[in-house]
Amino acid sequence: MAATDPVVVPQSLIGQRIPKLDAPDKTSGRTRYIDDIDVPGQLHARILRSTEVHAKIRSIDTSAARALPGVHAVITARDVPWQRPIGVAKDHLPLKTDRVRSLRDEIAAVAADTVEIAEAAVKLIKVDYEPLPILSDPLDALKPDAPLIHPEPRGEDVGPHLKPGAPVAFTGKPDNVAMTFDYAQGDVVAGEAESDVVVEDTFRLHYVTHCCMGVSGVIADFDPKGNLLLYSNTQVPFLHKREFAELLGIDPGRIRIIQPPIGGGFGSKLDIYPFEPIVIFLAQITRRPVKLMFTRTEEFIASPTRQPVLLKLRSGCKQDGTLTFRTAETLHDNGAYTSWGATTPFVMMQTISSLYRVPHCQYHTKAVYTNNPYAGSFRGYGNLQATFAVEAHMDKLADALGMDPLEFRLKNAQDPGEVTPQGMHFKTCGLKQCLSTVAARSDYQRKRRENAARWQDGNPVKRGVGMAAMLHVGGGAKIYPSDGCGTILKIDDFAHVTIITGASEIGQGSETVLSQLVCEELGLTLAAVTVVNNDTDITPWDVGVHASRTTFIAGNSAIGAARQAKAKILASAAAKSGLAAEELDLKGGHVVRKADGERVVELGKFMRSLHFTDKAQLVMTTFYYEPPSKHQDKQFKGDVSAAYAWASQVCEVEVDTDTGIVRLIKVTGAHDVGRVLNRLGIEGQIEGGVVMGQGYALTENLMVEGGITRNPNFRDYKLVTAPEIPEMDISFIETMDGEGPQGAKGVGEAPAICIAAAVANAIYNATGTRIYAAPFTPENVYRALHGAAEPVAWNAA
Amino acid sequence: MSIKVEIGFKLNGVACRISVPADLSTLRMLREELGLTGTKYGCGEGECGACTIVVDGVTMNSCLMFAADCDGRDVVTIEGLAASRRGERLREAFVKHGAVQCGFCTPGFVVQATRLLEKHPQASAAEIQRGIEGNLCRCTGYRKIVEAIADAALPDQ
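Chains as they are written, first to last, in the working numbering: chain A, 1 to 797; chain B, 1 to 157.
By construction, these hints were calculated from the structure, which means they are not laboratory data.
For clarity, every value in this text was computed on a predicted model and none was experimentally measured.
Heads up, the beta-carbon is just placed ideally off N, CA and C, and yes, glycines get one too.
Please note: incorrect hints may appear among the correct ones.
[As the list claims (entries may be wrong)] Computed from the model, here is a short list of chain B residues facing chain A with C-beta under 10 Å:
(1) G44
(2) G57
(3) T77
(4) K96
(5) G134
(6) K144
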C-alpha cells in the first residue's frame with residue numbers, strides 16, 4: 001500500500017455542538033410518532049373508565065354497546081379471566097373486577113371500526129356502582145378504622161372474573177400501607193445530643209404530571225401464529241417484553257416491540273399501564289390490529305404523576321457548622337395502585353444521607369394507598385422532594401448559626417474519594433466547585449445580604465436569591481440484576497457504520513451522542529453513521545431509559561464495540577501494510593500511520609478489500625457493558641452507581657408581596673457532568689430541566705380533590721410558556737470521570753432537581769417568609785406572606 | 001355518520017377537493033383524510049399549539065377549526081412550509097440551535113415562527129417569546145427555540 005498525503009486531522013468531536021441526527025425530520029413534520037402510524041385493518045379502541053372514585057361494581061351491562069354496528073369487541077374483566085395483575089407491586093388488574101379504586105379505573109373497553117363508533121359504544125355501557133367511602137388523604141387512610149382499599153377478594157371477584165389459580169391483585173396487606181422503607185446509619189440520638197442547633201419542619205410536595213406533548217398510545221397486532229407485535233412508547237422495551245409475556249402466558253421471544261419516536265417521556269413510560277394489556281386483549285379477541293390513543297383529558301387523568309410527599313425533617317449541627325444528624329420521616333400518597341412512585345425513597349434517602357456529610361441519619365417512609373391517582377417515576381425520581389427539604393434546612397441551620405449558607409454548605413460538602421455511610425463511593429465529585437461557581441457567577445453572597453436588609457423597606461416588590469445543590473446517580477443505577485446495555489456494530493463496504501444499540505432514543509439525543517462516541521473511536525464523521533435502536537427483534541438488550549444512565553451505559557457499550565472493530569481493522573491493515581497494528585490509527589476516514597498521520601489506505605477501500613477476497617471477513621462486533629456498580633443490600637447500603645452527578649443552582653426571584661406573584665428572573669447553574677460530550681445536547685437537557693423545575697416550583701399543580709382531578713387540561717394546568725423562562729447561566733464542571741464514556745457522567749435528571757428548593761430559599765431571602773408547601777402559586781405565596789397559609793403539620797407518630 | 005360537506009381549498013399551494021363530515025376538525029382532515037401527519041394532536045382544545053397551521057396568512061389551531069371552514073381558503077401546513085424559503089431557513093435554524101428534542105411540538109413551533117417572522121421580520125427576543133407563547137414545549141425550556149427563530153430572522157449573511 002502506497003503512503004499518500006498526511007490526513008488533515010479533524011478536531012475531536014467531543015465537546016462540540018452537534019445537532020441532533022433526528023432533528024431534520026422532526027422539524028419538517030416527517031417523523032412518524034405512534035399517532036401517525038396506522039396498520040392496515042386496524043381497529044380503534046376506547047376505554048370506559050370509572051365515574052366513581054371508590055365503589056363496588058354491582059353490574060356492567062354491555063349489551064347495547066355490543067349491538068352497535070361497527071363494534072368488534074366489548075370486553076370487561078369477565079371476558080379476560082386470564083388477565084394478571086401488573087405494576088411494581090402486582091396490585092393492579094388491567095380491567096377491574098369487583099371494585100374501582102380511583103377515577104381512572106378501567107372497567108370495559110371497545111374495539112370498533114372507527115374512534116367515533118368506539119366512543120359511542122363506550123357511552124352505551126351501563127355500570128351500576130355501590131359507592132364506598134373515599135380516602136383521599138393518606139393520613140385518613142392510615143387510621144386504624146380506615147376501610148381497606150385492597151381488601152382480600154371475595155365472592156364474585158374470585159369467581160368468574162379470574163381464572164382459577166391465576167394470581168389476584170391482592171398483596172395480602174393487612175392495612176392501607178403499600179410499602180415501607182427504613183434506612184439508618186450511625187446513632188441519631190447521639191448525633192442530636194452533640195448538636196448545638198436543631199431544626200425540625202414538615203414539608204408538603206404536590207402532584208404534578210409529565211405532560212408529554214404526545215399523548216399515550218399503543219398498537220397491538222398478533223400474527224396467525226400468535227406472535228405479538230407491539231408499537232409502543234415504552235422507554236424500557238426489554239423489561240416490558242417480559243412483563244407482557246407473563247401477562248399473556250407466552251414465551252417472551254414471541255413478543256416484538258417496535259418503538260416509534262416518542263412525544264416526550266420524562267419517566268412516564270417506565271411502567272406498564274392498564275391500557276397496554278387491554279389493547280393486547282382486544283387484538284387477541286378480534287384477531288385484528290388494535291390501536292388506542294389517549295385524549296389529552298385521559299392523559300391528565302390516567303397517566304402517572306410525580307410522587308406527592310409529606311416530609312418531616314429534623315436536622316442538627318454544631319456551632320462550628322458541622323452537620324451532626326438528620327432524621328426524615330416521609331409519607332407517600334401511593335394512590336390506588338403501586339407504580340414506581342412508591343419506590344422513590346431509594347433516591348430520596350441518598351439525598352438525605354449523602355448530599356452532605358452527615359454522620360448520623362435515619363429515614364423512614366410509608367407509601368399509603370388512597371383513592372387518588374397513582375404516582376409513577378418522573379425525572380428526578382423523588383429527588384426534587386428530598387432536596388426541597390434538605391436544602392431548606394441547610395439555609396435554616398446556617399441562619400441559626402449566623403453563618404453564610406455557601407460557607408455552611410462548603411463545610412459539609414462531599415469531596416472526591418469519599419465513601420458515604422450508605423456505601424456510595426464518589427470517585428469524582430465536583431460539588432464544591434459547583435457551589436463556588438454558582439455563588440461567584442450569581443454574586444450570591446452580596447445579593448443575599450442586600451436583599452435581606454430590604455425586608456422592611458416598604459417596597460412591595462422584593463428580590464431574593466436562593467441556593468440549592470443536588471446529588472444524583474450519574475453512572476446508571478443497579479436496581480435490576482443487570483444495569484447493562486448491548487451494542488452490535490457493523491462497518492460496511494463503504495465504511496458506513498451501523499450502531500445497533502439497546503438504548504432507546506426518547507428525544508434526549510442518545511442516538512446523536514452514541515454516534516459521536518463511535519465516530520471519535522473510528523475517526524469518522526457523523527455522516528458515516530446510522531443508528532438502529534427501536535426494534536427488540538434487532539437490538540441487543542438494555543435495561544431501559546431511566547436513572548440518567550443512557551449516555552454513560554450505552555455510551556460505554558458503543559465505545560467498547562467500536563474499539564473492537566478498530567482493533568480488528570488495524571490488525572488486518574497491519575498484516576497488509578507491513579506495519580505493526582500499534583503503529584496504525586483510524587483518522588479522517590483512513591487508516592493512517594499513528595506517528596505522523598500519513599495515510600495508509602482509505603477506510604472504505606480497505607473494507608472492500610477485506611470483504612472481496614477468498615478469506616472474506618466482516619467487521620461486525622458486539623459489546624456488552626455492565627457498570628462496576630453494586631446492588632444495595634437489604635439495609636439500602638451499597639455503591640449503586642458507577643458515578644455520581646452533582647450540581648448547584650442559584651435562583652433569583654422577584655416577589656410581588658401585594659399579589660403573591662413570584663417571577664423566576666435568573667438561574668445560575670453549575671453541573672458536574674464529568675465531561676461535556678455534545679455541548680448543544682447537554683445545554684438542551686439542562687435548559688429543559690430548569691424550566692421543568694420552574695413549573696414544579698411555580699406554576700404546575702395537578703389539583704386532586706376527593707380523588708377527582710380538577711384541572712385535566714392545559715388551560716388550568718399551567719405549564720411554563722416561553723415568555724416566563726428565566727435567564728440561564730450554565731457552567732460545566734468537568735471532573736473527567738474515570739469510568740465514564742470519554743469522562744462523562746449522566747445529566748438527564750439533574751437540572752430539574754434543585755429549582756424548587758432554590759426558589760423556596762430565594763422567596764425567604766426576598767421576604768423573610770419561609771414557605772413549606774409547594775407550588776409557589778400566587779395564592780399560596782400571598783397566603784403565606786399575609787399569615788393566611790394553612791400550616792403544614794403532621795404528627796408522624 | 002354525520003352529514004358530509006364538499007369543500008375546495010388550496011393546500012400547500014395545490015388545489016384540493018374533498019368531502020368531509022360536517023363535524024370533522026381541520027386537524028383530523030389533514031391527518032386522517034389527507035395523510036399529512038406533520039400537524040399534531042396535542043390537546044384538541046387550542047391550548048398547546050402542536051396543530052398550528054396557516055390559514056389565509058394567519059396561524060390557527062387546526063384542532064379548533066372545522067374542516068368545512070377550509071372551503072375557499074389558502075391552507076399551509078408544516079409539509080408545505082418545508083418547500084418555502086422561510087420554512088427552510090427556520091428548519092435549518094431549529095436543527096443548528098438544538099431547538100428540537102422529542103420534536104413533537106416542533107412542527108407547530110416552526111409554523112408559528114414562520115408567521116411571526118413574516119409579520120415581524122425584526123422581532124426581538126422578547127417579541128419572539130410573546131409570539132410563541134401559545135405553543136407548549138415540555139423538553140427544551142424554549143430558550144433554544146427562541147435562539148433559532150432569532151437566527152432565522154437575521155438577514156442573509
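Structure-based check of each hint:
For G44(B), the interface hint holds, the least distance from its beta-carbon to any beta-carbon of chain A being 6 Å, beneath 10 Å. For G57(B), the interface hint is violated, the least distance from its beta-carbon to any beta-carbon of chain A being 20 Å, above 10 Å. The beta carbon of T77(B) comes within 7 Å of a beta carbon in chain A, closer than 10 Å, and the hint placing it at the interface holds. Given the 10 Å rule on beta carbons, the hint for K96(B) holds: about 6 Å separates it from the nearest Cβ of chain A.
Look at G134(B): its Cβ gets to within about 8 Å of chain A, closer than 10 Å, so that hint holds up. Interface restraint check: K144(B) against chain A, minimum CB-CB distance 6 Å, threshold 10 Å, status holds.
Hint 2 from the list above is the single one not met by this structure.
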